[in-house]
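**Student:** Chains as they are written, first to last, in this note's numbering: chain A, 1 to 499; chain H, 500 to 645.
Since the hints were derived computationally from the structure, they do not count as laboratory data.
Any given hint could be a false lead.
Unchecked claim - Example chain H residues on the side facing chain A (calculated, C-beta under 7 Å, incomplete):
hint	residue
1	I589
2	N596
3	Y597
4	M600
5	P642
By construction, the Cβ of each residue, glycine as well, lies at the ideal position given by its N, Cα and C atoms.
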Amino acid sequence: MLTGCGAMVSAAESRSENPWREIIYQRFRGLPAPLLCFPDGIIPAASIWTGSRVWLDALRASGLLPGDRVACALPPCPAFVQLLLAALWEGYTLALLPEGHVSEETLSSLDIRLLIADQPDAGLRRDHDNLPEHSARPALRPVKSSPTPHIQLLARGSGTSGVSKWVALSAANLLSVVRSHSPLLALEEARVLSVLPWHHLFGLVIELLPALFAGAEIIRAERGGRDPRELLTLGLEHQVTHLNAVPLTFLRLLEQPEGEALIRSLRGGVVGGAPISQYLATALHGTRLRVGYGQTEAAPGIALGEPGAFFEGCLGSALGCETRVTKEGMLEFRGPNLCLGLWGHAQLVAQDPEGWRCTGDLVEATTLGLRFVARADDCFKLANGRMVTPAAIESALRAKAPEHARFWVFTADNETLSLLYGSKGGTYAPSPTDLRAAFGGLFHLLHEVRALPSSEFHHTAKGELDRRAMRLALHGRGTLPLEGLSAPVPSLEKQLSRS
Amino acid sequence: MTTPASPHSDHDEKAAFEAIFDALEAPEIDVAWKNTAAEIDATPEMRKEAIAWVRNHRNFFVQALRDVNDPIDLRLTLALRYIELKSVWIQFNTTINYCLMNKGEADPRSLLCSSLISQLLISVESLLKPEEVEQISNFLNTPINV
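Could you build the full structure based on these sequences and the hints that come with them?
**Tutor:** Structure (structure tokens):
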């Protein structure tokens, strides 16, 4: 083989045992598919390959070595895919950052050697798919720790504590999930409508990599999942067969007249990233979509459901790893998907590779698969020692309420419980019977029940109730416009006693 | 590669080859090449040279197969000539991709030759069985020292 040209495979490469190289070479070099469809152009596999070699040439020329940590803060674009393939090929440790959220503190904590971001001074060609400039030789940052060739990816964990944690994953972690999940994703001749962010592992490992390696056509929605009209237009135009998204995206689609028809026409796709509500479970029942469950620490696949099998809180069954439920109801997993550990302050806090990893999710094992109960972080203990699982109470209330009713159970004083509820039009109020049933043995601690305009309920991007934002609004700023009167326990008891 | 099953199928196969040769040498293919070349931003001289170049490839292909009588060797010759044409196309495609990535534009001569030879490849491919095309494609795409 010739050497000395960036496009050629060097002798040094031939000595490597990098598992990605053969996959990438055979899947992309000189082939028409996979195909990336962006609003401003269509990129066939052969061009993805060539672009990745141009990137590799530039990165090598800059002095980067395998194991050097490279931060990618590009949006979903051809350059993102080309850089990803170059990093996998060469064994760079790639840190995935959301576009526009790069801080010196993050770069320093990750101990990044090179940042690649879509910004004016980044050495990227503005007029040509963000490929690196010929003459640009980006200055490498000084680093504190040595290269980490055993770490393939640094991905931000989706912890609810508000403190960013970076999960270190190996090539074997990523490949184990791609290999366990891909056969069930039905990606033969697929046209995937892509809405997930690729710097999240759901988008990267469950959607992008399997679709690329299956030779699929990937149609990227410019506005992600935020604009259901765009999804419907692209769905029709490209006759899409797959859609992977969070529940909120499917809820938005279902609000559109043609949304249900699009969802039912899909040949595959994974719904994940947030709990499945009863309403969504009913709407997706009988489709060919699957529920998916995982965490960044699991690269990210832990469980997958059967096509069309949905129920409230469903998570699917373990795939590619082992799971167990502790006596406290906590879900744990172990297997080849288990991360290397957490990365911070330029060092790895290693995870026992054989050990069980706690997910922080409380679940129930049912005959149909795992069922989500609550995040353990969302649970709290009252002063009397009683543990409260607010999500479970809210879920029970939702089951008896109109479709769009919202609930928040919290404690204001560590001794009693409060409930805020809201609905479209503000006509709904939970009945005393439903309250007693939902709160169960905690009912006597329910001190106040108030209505709140449904627009005042804060949700995360994934559509989950944002408890932190709710608490801030209630206590920090005091801006929650509470409606109605508090319903102290005695009045409820009176009503209950009459019923 | 598979071998013919019987003298009867040998005869049928040779007839099929003759039909394809006739199609490859028909005036219509020259018109198709000229139309393809006209769509590429190049000088008339470049287009003329490229059409002459692909015509030579076509002539050599047909003559090489006509000179072989034995059906088994005919299929081997077909496979070898197909591999040669496909290799030429792959090389043009690779060069064009790098030029587009690095400079934002590619040499019109390469674009012309790549487009014309891909048309010839489509015609030649019809002489091969799908599994033979797949086998050759896999071989040409087998990683070297990866």
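**Student:** Does the CB of Y597/H sit less than 7 Å away from some CB of chain A?
**Tutor:** 6 Å, holds
**Student:** Interface hint check: I589/H, Cβ to nearest Cβ on chain A, cutoff 7 Å. Holds or violated?
**Tutor:** 5 Å, holds
**Student:** Does the CB of N596/H sit less than 7 Å away from some CB of chain A?
**Tutor:** Status holds, d = 4 Å.
**Student:** Report holds or violated for the interface hint on M600/H, using the least CB-CB distance to chain A and a cut-off of 7 Å.
**Tutor:** 5 Å, holds
**Student:** Let's test the interface hint: is any C-beta of chain A closer than 7 Å to that of P642/H?
**Tutor:** Nearest chain A Cβ about 4 Å off; hint holds.
Of the hints listed earlier, there is not a single one the structure fails to meet.
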